[in-house]
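Asks: Sequence:
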Amino acid sequence: MRNVMKYLGIMSVSLACAGPLFATSGYPFASVAVVQQSVATVKGQVVDEKGEPIIGANVIVEGTTNGMITDLDGNFFLQCPVGSTLKASYIGYLTRTVKVTGNMNALKIILKEDAETLEEVVVVGYGTMKKSDLTGSVTSVNAEEMMKRNPVNLGQGLQGAAAGVSVIRSSGSPDGGFNIRIRGVATVNGSSDPLYVVDGVQVGTSIDFLNPNDVESIEILKDASATAIYGTRGANGVIMITTKNGSKGKAQVNFSANYSLQFNNNKIDVADADLFAKAVRESCRNGSVMTNLAFGEEYIGKLNSIDWQDEMSRTALQQNYNLSASGGTEATQANLSVGYLNNEGVVIESYFKRLTARANITHKVKDFIHVGLNLNYTHAQHHFSGNMRSYAQAIPTMDYVENGVFYSMPIVLPDGSWGHYKQESDGDINKGADNLVAAAKTRTDQISKWDRLVASAFLQLDIAKGLTFKTIGSYNYFTKGYDGYTPYNPRTFGSKDRKDSYSINQNQNSEIALESFVNYDWSNAHHRVSAMAGFSISDTDGVWLNTSASDFPADNIRQISLTNDPSSKNTNGGRDLKTRYQSYFGRLTYSLNDRYILTATVRRDGSSNFGSGNRYGTFPSASLAWRLSEENFIKNLNLFSNLKIRAGWGQTGNAGSGTSLSVPQLSSLDCMYYVMAGGGMMNAAGIAQQKEIDTNLKWETNEQTNIGLDMAFMNNELSFSVDYFIRDSKDLLIYRQIRPSTGFTSVYTNAGHIRNKGFEVSAAWNKSFGDWNVGVRVNGSTLKNEAVEVGDPIFYKNNSYGTQDGDDWDNHSITQNGYAVGSYYGWKVAGIFQNQQEIDALNAQSPTGKYQDGDTAPGDFKYIDLNGDGQITDEDRTVIGNGFPTLSYGLNLTASYKNFDFSMNMYGVAGMDVYSYSAARLTSMYGPDGGYQNVLAEYVKNAWTLENPNGKYPRITKGDHNKNHRSSDAFIKKGDYLKISNIQFGYTFPKNLVKHAKMENARMFVSADNILTLSSYNKWGDPEVGSDRVLLTGFDGGRYPFPLSVSFGVSVQF
1 MRNVMKYLGI
11 MSVSLACAGP
21 LFATSGYPFA
31 SVAVVQQSVA
41 TVKGQVVDEK
51 GEPIIGANVI
61 VEGTTNGMIT
71 DLDGNFFLQC
81 PVGSTLKASY
91 IGYLTRTVKV
101 TGNMNALKII
111 LKEDAETLEE
121 VVVVGYGTMK
131 KSDLTGSVTS
141 VNAEEMMKRN
151 PVNLGQGLQG
161 AAAGVSVIRS
171 SGSPDGGFNI
181 RIRGVATVNG
191 SSDPLYVVDG
201 VQVGTSIDFL
211 NPNDVESIEI
221 LKDASATAIY
231 GTRGANGVIM
241 ITTKNGSKGK
251 AQVNFSANYS
261 LQFNNNKIDV
271 ADADLFAKAV
281 RESCRNGSVM
291 TNLAFGEEYI
301 GKLNSIDWQD
311 EMSRTALQQN
321 YNLSASGGTE
331 ATQANLSVGY
341 LNNEGVVIES
351 YFKRLTARAN
361 ITHKVKDFIH
371 VGLNLNYTHA
381 QHHFSGNMRS
391 YAQAIPTMDY
401 VENGVFYSMP
411 IVLPDGSWGH
421 YKQESDGDIN
431 KGADNLVAAA
441 KTRTDQISKW
451 DRLVASAFLQ
461 LDIAKGLTFK
471 TIGSYNYFTK
481 GYDGYTPYNP
491 RTFGSKDRKD
501 SYSINQNQNS
511 EIALESFVNY
521 DWSNAHHRVS
531 AMAGFSISDT
541 DGVWLNTSAS
551 DFPADNIRQI
561 SLTNDPSSKN
571 TNGGRDLKTR
581 YQSYFGRLTY
591 SLNDRYILTA
601 TVRRDGSSNF
611 GSGNRYGTFP
621 SASLAWRLSE
631 ENFIKNLNLF
641 SNLKIRAGWG
651 QTGNAGSGTS
661 LSVPQLSSLD
671 CMYYVMAGGG
681 MMNAAGIAQQ
691 KEIDTNLKWE
701 TNEQTNIGLD
711 MAFMNNELSF
721 SVDYFIRDSK
731 DLLIYRQIRP
741 STGFTSVYTN
751 AGHIRNKGFE
761 VSAAWNKSFG
771 DWNVGVRVNG
781 STLKNEAVEV
791 GDPIFYKNNS
801 YGTQDGDDWD
811 NHSITQNGYA
821 VGSYYGWKVA
831 GIFQNQQEID
841 ALNAQSPTGK
851 YQDGDTAPGD
861 FKYIDLNGDG
871 QITDEDRTVI
881 GNGFPTLSYG
891 LNLTASYKNF
901 DFSMNMYGVA
911 GMDVYSYSAA
921 RLTSMYGPDG
931 GYQNVLAEYV
941 KNAWTLENPN
951 GKYPRITKGD
961 HNKNHRSSDA
971 FIKKGDYLKI
981 SNIQFGYTFP
991 KNLVKHAKME
1001 NARMFVSADN
1011 ILTLSSYNKW
1021 GDPEVGSDRV
1031 LLTGFDGGRY
1041 PFPLSVSFGV
1051 SVQF
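Heads up: the sequence shown is residues 1 to 1054, going by full-length UniProt numbering.
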């Protein structure tokens, strides 16, 4: 764009110099009479934000015709009255005004790019479109502004950047997992991740492989009128990404280096050794037995307190390097880049390393024949993650008393061996407890690796004026493997056999695709028509293998066959059934007088996921827009730079999770038969169908209606956009219960209806004040999610939660009619029992003689009998909340002064509930292996006791016989938060300085990330909770900590 503007500028200067306008005087426009009182001489230069001269910019004395056009170096020369105002303007830039205070001999006017104008052409499915012609809901994200956030992946760069786009960081792990959802969730069992299209190639629902430094532009297609062109794959929205291409002219080399120090500022305030010992003594008053006498009162102040959160954390270094080269001739252009990221991670022994390489090459074979090749390769390696809540809950001392002798146990003993907890039997305090540092340091051979290759080639034929044909062939390959050895652990005690083990997991997926389409554009003075039609096919294949064994003769053996225990060998794997797609698609756009715009699309998809009767689905859309700002009755108001009304409707599809859901399959898994042999019975393996199949299985259908309004004022300095949407997902692909007489318990079928609806608002303001440029961008969105009809309630079942004594957290998530998908499900708490008389009165009314549990005592939670049967049972559970915030918002502030620049980003949610399993565990002393675990300091200080009957928390026990920590509304916590996610200060060096070092441009910056989180949830962990599983929306089970980062970086251009 900038090169086009430069050529236009040169033409403008040439025409201006050739005309007679300037021949009448030594100064332009000198023939116009101007009052010459206190005349000042102004010499200056008009440049862009990077210091490049702007050729052909218009500089004029405001309110007069006294002005001129800048020359080839951006220079101008004027004589004007003192006190007058100079106005500098140029196409694609915001107008700038400067007050004339006297003679100025070196005035530099910096013009800021007008984002509204420069982003006028946006990428849509299978082509581009003028932004003014958009009829659907499409949001553009400025890649240059995004990079000021210093992101290491795309999710980090998109947080808070667009209305209706929820970007939740699911973990602070070095590989930085993010969950991106556009306009809610519209499925129960499938993925809610959007489709990513990179340089015209559909790359699936994961974008971790892409280096943000390679991104040129991002468009987010949100409503079905925009996404229907991608049919079944566009159900959850589409994110269009264009990477950097080569340009004609001399080669440019860019290099950047960024160094970040990361700190764990996410500690949970748990009990120290003495406070933990007090909690143990209190639990003994409530029925437990103290086996470690070091927790007795006589050892108060003598215990060696270990802060496991500190011990498991470190100040970590992150390094990020990027090198690119770009250039080309008239015929061939290329852009090559490599990037390397090394993130140590704030948890000891964790790290993430990523190497990326990319090549974009285009070549003009003939004037009408263009070819191109895009290659993107990524290799990543990840070691060890961690859960800070688990570290916080480790017993805060390893001291113990044995045979009357007190032993103070450090993390590392003087002889270099690892310290450990007291050896105890099952049920004792230290059962299962381990020296966490030792476990991390000795578990260094557990590495996950993945590789991703996305390769594509295209051929484009310019057949005739306005008519082009393009075909793109692509290959998308992904492989991921885990190689993990867990050594024998002599430090933990209890009933578990602590043999060493070794496992290998490997899976590979590949997709080959071909897409061919034609575009035709025609226009005259009043009409513009754009048409597109195309065809695509794809073939996806996969293979996987998992194998493991335990008990090896030596700790350096990595051969499954060499195990001492052949019975421990476990191998499973195979080839996935292929998934094939065949599609036809088209789009037609018509514009009348640049005011009335109509767009219609249709896609017909065929998928091997379904039987022959329902293999194909058709997904249409239609949308229209009225540009009122082009109507004379609006123009005459002199108020709007842009005013447009949009309305659209469309359908997309969802093909579910794979071909296996509609094809009967045989397996020997769980197929054991008994036969008579030799006068007795013996078992024999067999093969049988594993699940019932619905032969009429068909597509999920997502139908969406969108109404929008776009406004801009003051030459686009101030802009607003408002959208209202209703998104309905019908014929859901879900499991339904069936009669046991069939031999199966459920079938995967079409049933159900989910609705999402909400408002989206975004606003932007950009203004120049002298040498200052200021920008503000704000966005917000509301969302209401509802399962309109899903038949029988759908529960989330996972034994990773709910296996601890009294911890009934299975089925803690429910999807049922009239409530949000994945709503929180549990009991309701009415307070805490204060005395035995309360308990006895309720027991007397119960038909079983027990209102709750036989061991209920004063200090326990009192649950509400919702069904009125006089006792607490599973039937008293109900919906107690959901994880969808009422409001999500983001704020971006930018400012620049001469060569200095500043940016700040914030985002947050309101009306958010977190279902906090972390809160349940942090107020329970019962550990994962049956021993004790540490708890929140506030819990010990404010738990119910005979001396503190007004305590906020229930009594301290080890066994939780009343099930105080079952899933209930006691653990629904307010999850509202505001995060200051990034602040950056930058300085661009003057060109006359860096040119001595053979550089075209140089910039340095300092920044901070994850600076501040304002939330009442902080004591339980970070309130930003997310999961890739729809039914775990808003659920917090503890995570890797989100680090505070302080960064320094430089970027140079040669």
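It should be emphasised that the hints constitute simulated quantities derived from the structure, not laboratory data.
The beta carbon of each residue, even a glycine, is placed where N, CA and C say it ideally should be.
It cannot be assumed that every hint is accurate.
[Claimed, not checked] Taking lysine-lysine and the DSSO-like style, the derived pairs with C-alpha atoms no more than 27 Å apart in a straight line are: (1) Lys50 with Lys828; (2) Lys131 with Lys757; (3) Lys43 with Lys112; (4) Lys784 with Lys767; (5) Lys244 with Lys267; (6) Lys465 with Lys366; (7) Lys108 with Lys757; (8) Lys108 with Lys995; (9) Lys578 with Lys499; (10) Lys828 with Lys784; (11) Lys784 with Lys578; (12) Lys730 with Lys767; (13) Lys250 with Lys353; (14) Lys353 with Lys465; (15) Lys364 with Lys449; (16) Lys267 with Lys730; (17) Lys465 with Lys480; (18) Lys244 with Lys108; (19) Lys1019 with Lys941; (20) Lys974 with Lys941; (21) Lys767 with Lys898; (22) Lys480 with Lys578; (23) Lys991 with Lys50; (24) Lys244 with Lys99.
[As the list claims (entries may be wrong)] Restraint-style ranges between C-beta atoms, simulated for each label pair: (25) Asn342 with Thr64: 35 to 43 Å; (26) Gly102 with Asn342: 38 to 46 Å; (27) Val722 with Pro620: 32 to 40 Å; (28) Phe985 with Gly473: 29 to 37 Å; (29) Phe1054 with Phe985: 44 to 52 Å; (30) Val722 with Tyr340: 49 to 57 Å; (31) Ser612 with Asn342: 47 to 55 Å; (32) Asn835 with Leu866: 35 to 43 Å; (33) Val788 with Lys974: 25 to 33 Å; (34) Gly473 with Ala257: 46 to 54 Å; (35) Ser846 with Phe744: 17 to 25 Å; (36) Lys828 with Thr945: 19 to 27 Å; (37) Phe985 with Val253: 44 to 52 Å; (38) Asn546 with Ile463: 47 to 55 Å.
Asks: Now look at each hint and say whether the structure bears it out.
Replies: Each hint tested on the structure:
Taking the CA atoms of Lys50 and Lys828, the gap is about 60 Å. The hint is violated against a cut of 27 Å. Pair hint Lys131 plus Lys757 holds up; C-alpha atoms about 25 Å apart against a cutoff of 27 Å. At roughly 20 Å between alpha-carbon atoms, Lys43 and Lys112 fall within 27 Å of each other, so this suggested pair holds. Between Lys784 and Lys767 the alpha-carbon distance is near 36 Å, which puts this suggested pair outside the 27 Å criterion.
Restraint check: the Cα-Cα separation between Lys244 and Lys267 comes to about 41 Å, which exceeds 27 Å; the hinted pair is violated. Pair hint Lys465 plus Lys366 holds up; C-alpha atoms about 15 Å apart against a cutoff of 27 Å. Restraint check for Lys108 and Lys757: the C-alpha separation of about 50 Å exceeds 27 Å, so the hint is violated. Distance check on the hinted pair: Lys108 and Lys995 sit about 19 Å apart at the alpha-carbon level, within 27 Å; holds.
Taken as a hint, the Lys578 and Lys499 pair is broken in the structure, with Cα atoms around 39 Å apart against an allowance of 27 Å. The suggested pairing of Lys828 with Lys784 holds, with an alpha-carbon distance near 23 Å, which does not exceed 27 Å. Between Lys784 and Lys578 the CA atoms are separated by roughly 37 Å; this puts the pair beyond 27 Å, and the hint is violated. Restraint check for Lys730 and Lys767: the C-alpha separation of about 46 Å exceeds 27 Å, so the hint is violated.
A threshold of 27 Å between alpha carbons decides the hint, and for Lys250 with Lys353 the separation of about 33 Å lies outside it, so the pair is violated. Pair hint Lys353 plus Lys465 does not hold up; C-alpha atoms about 49 Å apart against a cutoff of 27 Å. For the hint pairing Lys364 with Lys449, the CA-to-CA distance comes to about 39 Å; that exceeds 27 Å, so the pair is violated. Proximity of Lys267 to Lys730 is assessed by CA-CA distance (about 44 Å); at most 27 Å being required, the pair is judged violated.
For the given pair, Lys465 sits about 47 Å from Lys480 by alpha-carbon distance, which is inconsistent with the 27 Å threshold. For the hint linking Lys244 to Lys108, the alpha-carbon distance of about 30 Å lies beyond 27 Å, and the restraint is violated. Restraint check for Lys1019 and Lys941: the C-alpha separation of about 14 Å stays at or below 27 Å, so the hint holds. Restraint check for Lys974 and Lys941: satisfied, since their Cα atoms lie roughly 22 Å apart, inside the 27 Å limit.
About 14 Å separates the Cα atoms of Lys767 and Lys898, which keeps this hinted pair within 27 Å; it holds. This hinted pair checks out: Lys480 and Lys578 have alpha carbons roughly 19 Å apart, not beyond 27 Å. Between the alpha carbons of Lys991 and Lys50 the distance comes to roughly 9 Å, so the proposed pair stays at or under 27 Å and holds. With a C-alpha separation of about 39 Å, the suggested pair Lys244 and Lys99 falls outside the 27 Å cut-off, and the hint is violated.
The beta-carbon spacing between Asn342 and Thr64, approximately 59 Å, falls outside the hinted interval of 35 to 43 Å. Against the hinted window of 38 to 46 Å, the Cβ-Cβ separation of Gly102 and Asn342 comes to about 54 Å, which falls outside the hint. Distance hint for Val722 and Pro620: a CB-CB separation of about 26 Å, inconsistent with the stated range 32 to 40 Å. For the pair Phe985 and Gly473, the supplied restraint of 29 to 37 Å is violated, since their beta-carbon distance comes to about 46 Å.
Between Phe1054 and Phe985 the C-beta distance comes to about 24 Å, which lies outside the given range of 44 to 52 Å. About 43 Å separates the C-beta atoms of Val722 and Tyr340, a value inconsistent with the hinted range of 49 to 57 Å. Taken as a hint, the range 47 to 55 Å holds for the pair Ser612 and Asn342, whose Cβ atoms sit roughly 51 Å apart. One distance hint, 35 to 43 Å for the beta-carbon pair Asn835 and Leu866, is violated here, with the actual separation near 24 Å.
Checking the proposed 25 to 33 Å range against Val788 and Lys974 shows it holds: the Cβ atoms sit about 28 Å from each other. A hinted range of 46 to 54 Å for the beta carbons of Gly473 and Ala257 is inconsistent with their spacing of about 36 Å. Taken as a hint, the range 17 to 25 Å is violated for the pair Ser846 and Phe744, whose Cβ atoms sit roughly 38 Å apart. At about 24 Å, the beta-carbon gap between Lys828 and Thr945 stays in the expected band of 19 to 27 Å.
A C-beta distance of roughly 26 Å is found between Phe985 and Val253, which places it outside the suggested range of 44 to 52 Å. Remark: the range hint 47 to 55 Å for Asn546 to Ile463 is upheld by a beta-carbon distance near 52 Å.
Of the numbered hints listed earlier, those contradicted by the structure are 1, 4, 5, 7, 9, 11, 12, 13, 14, 15, 16, 17, 18, 24, 25, 26, 27, 28, 29, 30, 32, 34, 35 and 37.
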